[in-house]
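Engineer: Model the full structure from these sequences, guided by the hints.
Chains as they are written, first to last, in this note's numbering: chain A, 1 to 65; chain B, 66 to 212.
The set of hints was computed from the structure by calculation and includes no laboratory data.
Taking lysine to aspartate or glutamate and the EDC-like style, the derived pairs with C-alpha atoms no more than 16 Å apart in a straight line are:
#1 B:139 with B:73
#2 B:74 with B:142
#3 A:48 with A:35
#4 B:74 with A:19
#5 B:139 with B:70
#6 A:48 with B:147
#7 A:48 with A:58
#8 A:48 with B:146
#9 B:139 with B:68
Some chain A residues well away from chain B (every beta-carbon gap over 12 Å; in silico):
#10 1
#11 5
#12 12
#13 13
#14 14
#15 55
#16 56
#17 58
#18 61
#19 62
#20 64
The structure displayed is predicted, hence computed values, not measured ones.
Glycine is no exception: its CB is placed at the ideal position from the N, C-alpha and C atoms.
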Amino acid sequence: MLINRLREARVAKGWTQAELAAQVGVSRKTINTVENRVFTPSTTLAIKLATALGLSVEQLFWIDR
Amino acid sequence: MSEIERIEKAERLGRSRSRVFFVMAIVFFVGQIPYFSNPGATGDAPFRIGAWLILAMLMLLLIATGGFLLRGRKVLDLLNDETSRTNQLASQAVGFWAAMIAALSLYVAAMFKTVSLNAAVHIIVTAGVGSALLSFATRERRAHRIG
Numbered sequence: 001m002l003i004n005r006l007r008e009a010r011v012a013k014g015w016t017q018a019e020l021a022a023q024v025g026v027s028r029k030t031i032n033t034v035e036n037r038v039f040t041p042s043t044t045l046a047i048k049l050a051t052a053l054g055l056s057v058e059q060l061f062w063i064d065r
Numbered sequence: 066m067s068e069i070e071r072i073e074k075a076e077r078l079g080r081s082r083s084r085v086f087f088v089m090a091i092v093f094f095v096g097q098i099p100y101f102s103n104p105g106a107t108g109d110a111p112f113r114i115g116a117w118l119i120l121a122m123l124m125l126l127l128i129a130t131g132g133f134l135l136r137g138r139k140v141l142d143l144l145n146d147e148t149s150r151t152n153q154l155a156s157q158a159v160g161f162w163a164a165m166i167a168a169l170s171l172y173v174a175a176m177f178k179t180v181s182l183n184a185a186v187h188i189i190v191t192a193g194v195g196s197a198l199l200s201f202a203t204r205e206r207r208a209h210r211i212g
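Structural biologist: So, in structure tokens, the structure goes:
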């Protein structure tokens with residue numbers, strides 16, 4: 001299962017879901033579903049999210065074994 | 066329009082779209098009750114079939130495009146972003162399987178009772194298109210509700 005700490009990273013930046021969505025060019029719904037682990041983002045989106053939050057993809061997403 | 070305003074507009078449109086699609090799918094299914102409860106009626110058959118055909122084609126277009134009637138390229142891109150495209154593909158798969166199950170069921174039914182070509186097409190298309198739209202609307206509504 002893909003785990004992420006998107007919500008923590010976003011809150012640490014002081015951004016709302018809509019602000020992060022605007023940074024990466026997706027809807028707020030997509031940020032919301034990724035944060036709640038309902039939706040697994042594509043590699044492209046994962047890289048965009050990590051870049052926007054100033055983290056590496058591995059720091060933002062990892063697989064729970 | 067700023068990017069945040071576009072996000073908010075896409076959010077509103079997305080919620081409205083999921084509600085409209087949900088209602089359309091229910092109306093589409095419920096609208097078939099008179100057709101199947103009285104298949105022999107021929108008085109207004111051309112009108113009923115014509116209305117069904119137009120609605121089915123409209124719904125097929127909506128499933129394929131995610132809302133071709135909406136304007137504004139940038140907002141439309143946000144509306145049909147990664148989550149919606151994934152939901153769209155999953156819903157099309159649901160529609161495919163519903164159509165296959167309907168077709169196979171009709172094949173079996175035709176061994177015992179004559180089924181006209183029109184009725185068979187009507188049932189298969191209704192099952193496929195209706196379930197795909199219902200599935201998309203449900204997935205989108207769920208995605209909007211989370212959080």
